[in-house]
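Enquirer: Given the coordinates of chain A, assemble chain B onto it according to the supplied hints.
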Amino acid sequence: MLWFAALFSCVGALAQTVADWPSYGGTPNAWRYSSLDQVNSANVTQLVAAWAFQTGISDGGFQTTPIVVDGVMYISTSWNRVFAVDAETGRELWHYFYPAPREIGMGSSPWNRGVAVAGGRVFMGTVDNHVVALDQKTGRELWNVNVEDFRQCGCNITGAPLVVNGKVITGVTGGDSAHRGYLTAFDARTGRRLWRFWTIPAPGEPGHETWEGDSWKFGGGSTWMTGSYDADLNAVYWGVGNPAADFYGDQRRGDNLYTDSIIALDPDTGNLKWHYQEIPHDVWDFDAAYECVLLDLPVRGQMRKVLLNVNKGGYAFVVDRVTGGFISGWPVARNLTWISGLDDYGRLLGRNEPEVGKSKLICPSIGGGRSWNQGTFSPRTGWFYTTGIEWCQDVTARKEEGKEGKDFFGGIFRLKAPPDGNPGGHLDAYDPITGKKFWTYESKYPLLASVLATGGDVIFTGDPEGRFFALNARTGERLWDFQTGSGNRGSPITYSVKGRQYVATPSGWGSAVAGILPQLWPETETFNGGSTLYVFALPKPPGASGSTAK
Amino acid sequence: MILFVLLFAQSAVDPAVVGAGERIFAQNCSVGYCHGAAGSAGRGPRLRGRAFEESYLLRVTRDGIPRSAMPAWKGRLSDREILAVVKYVASLSDATPEAAGTAPAAETIATAAAPAPPDQVQRGAALFFDATREAYCGACHALNGRGVAVGPDLTMVARKTPREIAAAMGNRRPEHVVTAHMKDGDSFPAIAVLRGSGSVKLLDLTTFPPVLRTFEPAEIESIATRAEWSHDSFLKGIGPEQMADLASYIRWIASGDSRSVSGDDLK
Chain A
229 MLWFAALFSC VGALAQTVAD WPSYGGTPNA WRYSSLDQVN SANVTQLVAA
279 WAFQTGISDG GFQTTPIVVD GVMYISTSWN RVFAVDAETG RELWHYFYPA
329 PREIGMGSSP WNRGVAVAGG RVFMGTVDNH VVALDQKTGR ELWNVNVEDF
379 RQCGCNITGA PLVVNGKVIT GVTGGDSAHR GYLTAFDART GRRLWRFWTI
429 PAPGEPGHET WEGDSWKFGG GSTWMTGSYD ADLNAVYWGV GNPAADFYGD
479 QRRGDNLYTD SIIALDPDTG NLKWHYQEIP HDVWDFDAAY ECVLLDLPVR
529 GQMRKVLLNV NKGGYAFVVD RVTGGFISGW PVARNLTWIS GLDDYGRLLG
579 RNEPEVGKSK LICPSIGGGR SWNQGTFSPR TGWFYTTGIE WCQDVTARKE
629 EGKEGKDFFG GIFRLKAPPD GNPGGHLDAY DPITGKKFWT YESKYPLLAS
679 VLATGGDVIF TGDPEGRFFA LNARTGERLW DFQTGSGNRG SPITYSVKGR
729 QYVATPSGWG SAVAGILPQL WPETETFNGG STLYVFALPK PPGASGSTAK
Chain B
1065 MILFVLLFAQ SAVDPAVVGA GERIFAQNCS VGYCHGAAGS AGRGPRLRGR
1115 AFEESYLLRV TRDGIPRSAM PAWKGRLSDR EILAVVKYVA SLSDATPEAA
1165 GTAPAAETIA TAAAPAPPDQ VQRGAALFFD ATREAYCGAC HALNGRGVAV
1215 GPDLTMVARK TPREIAAAMG NRRPEHVVTA HMKDGDSFPA IAVLRGSGSV
1265 KLLDLTTFPP VLRTFEPAEI ESIATRAEWS HDSFLKGIGP EQMADLASYI
1315 RWIASGDSRS VSGDDLK
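So the protein sequences, as listed, match chains A and B.
Using the working numbering, the letters of the first sequence map in sequence onto residues 229 to 778.
Using the working numbering, the letters of the second sequence map in sequence onto residues 1065 to 1331.
Isolated chain A, as found in the complex:
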């Protein structure tokens, strides 16, 4: 009965069907769920291509989350090109090509994971660590701020900004170089900096004592994905990445706050409300930087406002998002040997750390028990759907000193198959609180595209071989697929224009993790790149009755 009430309240919060996909996670709670149900598990087999959009930029993979507002789609690509496209016809309305500097260093990854649209403007972080604001109607640049010199910091911005109350909040990469991470908020109108939250406390601030000597200056703590927002609690939640050096921690003894933590900030001031550290003193590069999914669910009979975060170590952590208190933790992959498990308080048991000068087999690999591609929550099933990866690595730590802005890994790795069987990937349906698994969809290769759930009980995602496919949300049964011609490494969405529901997905193989796959699967080296946005719909919109689209 309580469960039913919880479902009801979830659905109640989303009772109003939204035709758009207005923000990175679909909604500020990062569910990647749309209540659109014109396409459903019974008719998804009839999906046909409505249009495609070729961006012409295939470097580094097509990793974007398209944004749709009022029938216009906003797409970003590698090297920070932005296209505004009529979401019904695929016709380009305008484009903006960012003048990326010609010299690009090691820390600069060319890919981009999406823009934010708010208040008549389009916001994007750039390959050289700028943030730009464009006119939503014309693509004209309105402001451009250099957050920090990328030549000095070895950092940039690949994640989509989050806009809250007229503030553009952006993270930064740099967790694998000698850099000190932060989140910065800019005034959406003027670009003026409003606040900065350093993910590593300075001398005199609480938490600074968790760093040894000067290690805090180059301690990583990047914020390379996109956070979530709870308007009722007026809190922004963001996941923080690994401490640097990745595999060598002897020069930074201590817990290393706020790396591998979830931070809750007041969006108006940037002040910390609470933090929860999933991995104290990480020596595996297991960022807690991925999406923060905000759910209101019963926990042992009591309704709680919770936050679910899957980290790179392959564990889902569920915490109370009012207090930051631990609720539960559960694995999303089978081969996890870096710890033996979690205790009842969420503390790590049986740490299995890399050693200096000695090769050691540890699972998962640096690519993660899951990659950054996001999971999804469906209020209709009450389940959380996420990918998981089975793979390991031989890792050797190495003593290393940080040099500002330079690579700071502290070791090397080589991918290995898991000892208990074949490497591969899977997509699973879980109870978000207990981690109870309801079904599994197995994949030959790691699944590196985000997952989408819809009101029609369909789960969409794609695979490295280029297939974009649909599963039944309740059974995991494969219902439909389409060969897009290049591996899927972006984030599919759904939206509606003039009563017709569309499903869109980026197709274009690439990325850091795609780059290391040939170590285990040599044939993936020749997988073709690409950068095409595919859009699907049912052949004809059905009659008005039964359609919730508007």
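FYI, nobody ran anything at the bench for these hints, they're computed from the structure.
A couple of the hints might just be wrong.
SDA-like mimics (lysine to any residue), calculated; alpha carbons at most 25 Å apart, straight line [said to hold, decoys possible]: (1) A:627 <-> B:1145; (2) B:1138 <-> B:1102; (3) A:631 <-> B:1200; (4) A:445 <-> B:1265; (5) A:634 <-> B:1084; (6) A:664 <-> A:753; (7) B:1265 <-> B:1200; (8) B:1265 <-> A:634; (9) A:672 <-> A:556; (10) A:631 <-> B:1213; (11) A:634 <-> B:1289; (12) A:634 <-> B:1197.
Expert: Chain B alone, transformed into the frame defined by chain A:
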């Protein structure tokens, strides 16, 4: 040029050079998501089992590949180290063409070691580029190729005396700062980057870091020269000794003058 000569001078495979290259490669090129252990691929391409011409390897290792993740290693590695890496990568492929040549390997590659700057200059440099400060000089000023040239490039300013440098830092009406008055009532200190008949680009100095803003002429009421603006907020917590350190660094960069600067020199 000399590197190319050395490349072919060393073209006979010397196990010691290849061994050194292997070590350097493991520490610099295998790391993270780059070329993978022993060139087995990562974000960067696989290097094992591939035929590369050594002159190509040398060029891309030394100069990098523009618009890619491959950096230029000149300046990060010595010429000798770069050569060793090239030899090692070449050794990863049996198909690498053997270049003819029997000239003896060069003994040394002359790279004159620059004398270390005085301690005060080093302190000044660290402060100039101290990213742990909320605002730091290098975020707005370029100096000798480093830093971001938002404000004036200081390489010229550096020819001034320490007293003149300090005076420039304390100037409350710098000649290049204007006040932009907008029709919506907003006004702010700015540097005019582009003023023509079309769009106007202004660097808004209200907050740090400055914001490059683009306006249509119709949005602008007026632009007044000689705005009131100062470095005060950026120099918070910088005492006379640190000011002297900064001045010594700025002067040293331009003139090589390594004499120490005292607080009195600034007055």
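Enquirer: Could you run down the list of hints and mark each one as holding or not?
Expert: Evaluated hints:
1. A:627 <-> B:1145: The hint holds at about 20 Å.
2. B:1138 <-> B:1102: OK: residue 1138 of chain B and residue 1102 of chain B at ~21 Å, within 25 Å.
3. A:631 <-> B:1200: Distance of about 18 Å is within 25 Å: holds.
4. A:445 <-> B:1265: violated, 35 Å
5. A:634 <-> B:1084: It holds: about 21 Å lies between the C-alpha atoms, which stays within 25 Å.
6. A:664 <-> A:753: Violated, at roughly 36 Å.
7. B:1265 <-> B:1200: holds, 23 Å
8. B:1265 <-> A:634: Measuring from Cα to Cα gives roughly 33 Å; hence the hint is violated.
9. A:672 <-> A:556: Distance ~30 Å between residue 672 of chain A and residue 556 of chain A Cα, so the pair is violated.
10. A:631 <-> B:1213: This hinted pair holds, its Cα atoms lying about 23 Å apart.
11. A:634 <-> B:1289: Answer violated: residue 634 of chain A to residue 1289 of chain B is near 41 Å, above 25 Å.
12. A:634 <-> B:1197: holds, 19 Å
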